[in-house]
Structures are given as structure tokens and as C-alpha cells.
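Go ahead and model the full structure; you've got the sequences and the hints to work with.
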Amino acid sequence: MIKVADLVKNFGDLKVLKNINTHIEKGEVVVIVGPSGSGKSTFLRCLNLLEEPTGGQIVFEGKNITDKNANINLLRQNIGMVFQQFNLFPHMTVLENITLSPIKIKNMSKAESEKIAMDLLKQVGLEDKAKTYPNQLSGGQKQRIAIVRALAMSPDVMLFDEPTSALDPEMVGEVLEVMKNLAKQGMTMIVVTHEMGFAKEVGTRLMFMDDGKIVEEGKPKEIFNNPEHHRTKEFLRKVL
Amino acid sequence: MNFSFLPKYYPFFIIGAKNTVLLALFAVALGVVLGVVLALMRISKNKIFNFISTAYVEIIRGTPVMVQIFIIYYGLPFDFPSIGFLGSNSEEFIAGVVALSINSGAYVAEIIRSGIQSVDKGQMEAARSLGMPYSTAMRYIIVPQAFKNILPALGNEFIVVIKESAIVSVIGINELMYNANTVRGNTFIPLEPLIVAAAIYFILTFTLSKLLGLVERRLKVSD
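The listed protein sequences correspond, in order, to chains A and B. Residues 1 to 240, numbered by our numbering, are exactly what the first sequence covers, in order. Residues 241 to 463, numbered by our numbering, are exactly what the second sequence covers, in order.
Certain hints may be false.
[Unchecked claim] Cross-link-like lysine-lysine pairs, in silico, DSS-like; alpha carbons within 27 Å at most: (1) K15(A) to K361(B); (2) K131(A) to K460(B); (3) K110(A) to K460(B); (4) K361(B) to K68(A); (5) K287(B) to K15(A); (6) K388(B) to K131(A).
[Stated by the list, open to error] Now the stretches of chain B that chain A is said to cover, found in silico as 3 or more residues with beta-carbon under 8 Å: (7) 356–363; (8) 368–378; (9) 383–389.
Simulated from the structure, these hints should not be mistaken for lab results. Quantities reported herein were computed from a predicted structural model and do not represent experimental measurements. Glycine is no exception: its CB is placed at the ideal position from the N, C-alpha and C atoms.
In C-alpha cells form, the structure reads like this:
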């Protein structure tokens with residue numbers, strides 16, 4: 001579904017990603033872990049071109065999205081993204097947050113998009129919040145809304161950029177629960193996180209990144225129990 | 241205090257006030273249009289646009305408005321057209337509006353630029369990640385939020401323009417300040433006509449700032 005070949009990203013002289021190669025299949029839940037500054041978030045943000053790669057190729061559903069002529073707006077409709085800081089639109093109600101893109105970009109009718117939004121809100125237990133503004137919600141509620149907003153475009157893959165890092169500890173669970181359900185429904189997911197429990201339980205593949213490279217990848221349980229690379233060992237010893 | 245001139249001379253103040261409001265209205269309207277263009281040039285990735293906009297803002301902010309008015313009125317090698325409904329000195333009036341809006345545009349540009357840049361950059365990223373093109377994201381996400389940040393400063397700029405428009409009296413536009421001076425000359429009363437003018441300026445700006453406060457509170461619902 002997503003093929004990444006020789007992906008390179010530099011910020012000025014700083015080499016953040018050094019030749020990333022990987023292949024992500026439909027239905028996978030890829031969990032990316034690694035120390036801060038290892039390039040995890042940059043890698044994720046390259047996948048929907050929020051960061052423009054310096055070199056290499058990303059092919060999504062058979063289309064080369066790093067090509068200058070690719071219609072990036074069309075491609076992004078199929079790549080949902082959830083941010084650490086939620087990034088809900090504060091001047092709109094929850095319902096407007098969710099329905100704006102389907103209405104404006106997909107030319108969906110208001111009624112249809114609202115029906116989809118309400119169905120999704122029900123799934124995350126927030127249908128009573130449809131008319132409220134984001135500033136009246138808790139962090140966990142905001143993040144669940146942000147997930148719903150991305151899902152309303154019915155994407156083929158969801159990117160999560162440290163979705164629980166900005167949350168109070170007691171709210172982490174409710175967001176992970178939503179993500180777990182999403183994985184169960186067969187959504188392809190790529191998740192940058194520090195939640196090792198989630199990685200172990202839900203991840204189909206663990207990707208350990210360090211210093212702009214994928215150092216090790218494989219089944220989460222195997223890597224957790226038997227890491228091969230010394231950087232992986234060192235990292236896991238610190239976080240587990 | 242001697243306000244005995246009022247029964248005879250009050251029309252001077254009314255005409256003056258009308259012209260001051262007209263002047264400020266046109267100047268702010270054109271200033272905002274100019275300011276939007278300059279602000280968009282400033283935040284664009286085009287280096288030439290960047291340079292033009294930056295240079296414009298620096299030069300206008302770094303020179304006195306009175307010099308700008310004289311340059312526009314006396315210095316330009318063509319005459320401004322006279323337009324009937326603006327009265328007998330419409331040429332001066334147009335020069336005054338042009339000078340004030342050129343001046344105001346520089347300040348408005350800075351207000352708008354900082355307003356747009358004060359919107360968290362995660363907002364643009366979230367909008368783009370949902371598939372919105374840049375222009376759609378600007379229109380529905382960035383500008384509405386920027387507008388809220390901008391409004392107090394923009395209202396303030398409007399008030400500044402009303403007050404600063406007094407300076408275009410130097411090229412003979414019969415706005416409030418010019419007419420107050422006329423009354424002073426005709427009556428040989430030096431102080432009181434100025435007090436009347438000051439009172440009218442204050443009523444104009446105070447009413448405006450109250451109105452703006454009302455609009456701001458309206459926009460605060462989602463905060």
C-alpha cells in the first residue's frame with residue numbers, strides 16, 4: 001500500500017532521515033518507536049508530505065506522491081492524520097470540525113456528512129458533544145474528536161503522531177481504546193508512540209528508529225523479548 | 241469660555257466632521273485592501289514580493305505622514321481628477337485619501353501579517369492533512385481565526401486614521417481641523433473652536449471604539 005524507497009530528509013545541514021526503505025501493507029498496524037530526535041515524526045509527516053522529502057520516493061496506492069505533478073490534495077484525502085496537539089479548529093463546533101472537509105472537498109451534502117459524523121461520534125461515545133466548541137472538551141475528548149474528523153474522510157490509512165503524548169495520564173486509555181477498535185476494524189495504521197503496551201498488544205509490526213534510520217523491525221513481541229540491535233536493547237531497557 | 245460663535249458657525253463643524261469621516265472611511269477601506277495585498281506578498285514564498293512588501297512597509301513607517309502628503313499632493317507630476325459630489329476641493333480630497341491610505345496600508349499590512357502568523361501552524365497542517373488546498377484552508381481555517389486576532393488592532397488603526405486625518409488640513413481639505421481653524425480666523429476666538437473640534441473628534445473615536453468592543457464580544461463565543 002505504501003512503498004518507501006531511499007527516503008531522505010534534511011533540514012539545512014541536519015540529516016534527519018537517512019535512506020529509509022520500507023513497505024507497508026494493507027491492514028498492518030505499524031508502531032514506530034525510538035528515542036526523541038530519531039526522525040520518527042519527520043518520517044510520518046513525510047508520508048502525507050507535510051514535510052517535503054529531500055530525496056527518495058514514496059508510492060501510495062500505486063501513485064508516486066513525491067512526483068511534482070501528483071495531486072497531493074487528492075492523495076491526502078485518503079491519508080488521515082492525528083496530531084499530538086489535536087489541532088481541532090477552535091472557531092467551529094465539533095460537528096463543523098468533522099463535516100467541513102467532507103462538505104467542501106468531497107462535495108458531500110450537509111445532511112449526509114452530518115449523519116456520518118454522528119455515527120462516528122457515537123462509536124467514540126461523544127455524540128452529545130456535537131454542538132460544543134473544542135475549548136469545552138478535555139484533552140482525551142479532543143483527541144477522540146480529532147480521530148473522528150480524520151475518519152470522516154474515510155481514509156485508507158491513518159497516521160498517528162504521538163496521539164497520547166499531550167494527554168493527562170488518566171485520558172490516555174480512552175484514546176488508545178478508540179485506536180484499538182480502529183485496528184480491529186482492519187484500518188491500516190502507522191503510529192508513532194511511546195505507549196509500549198499499545199505497541200505490544202495492537203501492533204502487527206514494530207519499527208525501531210534511531211538516528212534517522214530504521215534500525216530494526218519485526219513482530220512487536222519478538223523485538224520486545226529478543227531485541228537484536230544494541231541500540232534497540234538500550235532503548236527498551238530504558239522505557240520498559 | 242466664549243462659545244458665542246456656535247449659532248453662526250456650527251455648519252462649519254458639521255461639514256468638517258462629515259469630511260473627516262468620509263476621508264477616514266475611504267482611507268481605511270483602501271488601506272485595508274492595500275494592507276491585505278501587502279500582507280499576502282509578505283507571507284508568500286516569492287522573494288521579490290517579499291522584498292517589495294518589506295521595503296514598502298519600512299519606508300512608509302520610517303517617514304512622517306506630513307511629508308508623504310506633501311509629496312503626493314505637490315510632488316506628483318499629474319493632477320488628481322476632480323469629482324463632483326466630493327465638493328469644490330475634490331482634487332485635494334483625493335490626494336488626501338490617497339496619501340492616508342498609502343500610509344495606513346503599511347500599518348494594516350503589519351497587523352494582518354502578524355494576525356495570520358499568530359494562528360498556530362498546526363491549524364494549517366490539520367487542514368492540509370484533511371485534503372484541503374491552501375486557499376480553502378486559508379479561507380475557512382486561518383483567516384477566520386486571524387480576523388479575531390486582528391480586529392482590535394484594525395479598529396485601533398481606524399481610530400488612528402480618524403485622528404491623523406487632521407493633518408491633511410495642510411493641503412487645504414476642509415475637514416474638521418481645517419474648518420475649526422477657519423472659524424478661529426473669522427471670529428478671532430483662538431481656543432474655543434479647537435475645543436469644539438476636539439469634542440467632535442472624541443465623540444467619533446469613542447463611538448467607534450465602543451462599537452468595536454461590541455463586535456469583539458460577539459466574536460468571543462468560541463473562546
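Going through the hints against the structure:
Restraint check for K15(A) and K361(B): satisfied, since their Cα atoms lie roughly 23 Å apart, inside the 27 Å limit. Note on K131(A) and K460(B): the hinted pairing holds, with a Cα-Cα distance of about 16 Å set against a maximum of 27 Å. At roughly 26 Å between alpha-carbon atoms, K110(A) and K460(B) fall within 27 Å of each other, so this suggested pair holds. This hinted pair checks out: K361(B) and K68(A) have alpha carbons roughly 24 Å apart, not beyond 27 Å.
As the CA atoms of K287(B) and K15(A) are separated by approximately 26 Å, the hinted pair is consistent with the 27 Å bound. This hinted pair checks out: K388(B) and K131(A) have alpha carbons roughly 21 Å apart, not beyond 27 Å. Counting residues of the region 356–363 of chain B whose C-beta lies closer than 8 Å to any C-beta of chain A gives 3; at least three are required, and the coverage claim holds. Beta-carbon proximity to chain A at under 8 Å applies to 7 residues in the region 368–378 of chain B; the threshold of 3 is reached and the given coverage holds.
Under the rule that three or more residues need a Cβ within less than 8 Å of chain A, the assignment of the region 383–389 of chain B holds, with 3 such residues.
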